[in-house]
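Let the sequences and hints guide you as you build the complete structure.
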Amino acid sequence: MEPFTTHTGRAVPLRRGNVDTDQIIPAHWLKKVTRDGFEDGLFEAWRRDPEFVLNQERYRGATVLVAGPDFGTGSSREHAVWALQNYGFKAVISARFADIFRGNSLKNGLLTVVLPQETVDRLQQLVEADPTTEVTVDLVTRQVRAKG
Numbered sequence: 024m025e026p027f028t029t030h031t032g033r034a035v036p037l038r039r040g041n042v043d044t045d046q047i048i049p050a051h052w053l054k055k056v057t058r059d060g061f062e063d064g065l066f067e068a069w070r071r072d073p074e075f076v077l078n079q080e081r082y083r084g085a086t087v088l089v090a091g092p093d094f095g096t097g098s099s100r101e102h103a104v105w106a107l108q109n110y111g112f113k114a115v116i117s118a119r120f121a122d123i124f125r126g127n128s129l130k131n132g133l134l135t136v137v138l139p140q141e142t143v144d145r146l147q148q149l150v151e152a153d154p155t156t157e158v159t160v161d162l163v164t165r166q167v168r169a170k171g
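Counting from 1 along the sequence shown, just add 23 to a position and that's the residue number in the working numbering.
Everything labelled a hint here was simulated from the structure, so no lab data went into it.
Do not rely on the hints blindly, as some may be mistaken.
[As the list claims (entries may be wrong)] No farther apart than 16 Å at their CA atoms in a straight line, the calculated lysine to aspartate or glutamate pairs in the EDC-like style are these:
(1) LYS54 <-> GLU25
(2) LYS170 <-> GLU157
(3) LYS130 <-> GLU151
(4) LYS113 <-> GLU157
(5) LYS55 <-> GLU101
(6) LYS170 <-> GLU151
(7) LYS170 <-> ASP153
(8) LYS113 <-> GLU62
(9) LYS113 <-> ASP45
(10) LYS54 <-> GLU101
Laid out in structure tokens, this is it:
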């Protein structure tokens with residue numbers, strides 16, 4: 024993963040709380056030993072639903088995931104981070120992350136951003152209203168910005 028100090032990209036709202044690592048990447052994907060090819064397993068069970076956000080054309084190419092609270096709970100599974108990265112996500116924004124998931128993300132170069140739940144809710148609403156909205160995560164100024 025290329026290090027960055029600022030990332031700007033479109034976002035996808037994941038309005039689900041308590042997303043555990045088994046939901047992010049199911050256990051049968053853990054047999055792979057390389058760090059690539061996990062994007063097809065990302066949220067595998069949910070992606071069977073044609074209405075799931077990652078199946079919606081309007082969110083295709085998003086690089087920022089705006090998730091519900093308590094993202095990445097459950098077992099320590101670096102594969103969950105790899106799946107998010109392989110799909111193209113550079114940053115995940117949530118009100119709360121599991122500590123182990125945050126540690127694995129840091130170690131593997133996936134940015135986790137903690138914001139107040141009200142701010143996450145507003146950001147999700149903004150992206151839902153206009154999926155072309157770009158979200159900027161600026162590490163230097165420690166800000167998340169979006170127009171709207």
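The hints, checked one at a time:
1. LYS54 <-> GLU25: Between LYS54 and GLU25 the Cα gap is close to 26 Å, so the pair fails against 16 Å, i.e. violated.
2. LYS170 <-> GLU157: Judged against 16 Å, a Cα distance of about 7 Å means the pair holds.
3. LYS130 <-> GLU151: Violated, at roughly 31 Å.
4. LYS113 <-> GLU157: Roughly 13 Å between the alpha carbons, so the hint for LYS113 and GLU157 holds.
5. LYS55 <-> GLU101: holds, 12 Å
6. LYS170 <-> GLU151: Holds. LYS170 to GLU151 sits at ~13 Å (cutoff 16 Å).
7. LYS170 <-> ASP153: Satisfied, since the Cα-Cα distance of roughly 10 Å is no more than 16 Å.
8. LYS113 <-> GLU62: holds, 13 Å
9. LYS113 <-> ASP45: violated, 20 Å
10. LYS54 <-> GLU101: holds, 12 Å
Violated hints, in rising order: 1, 3 and 9; the structure is consistent with all others.
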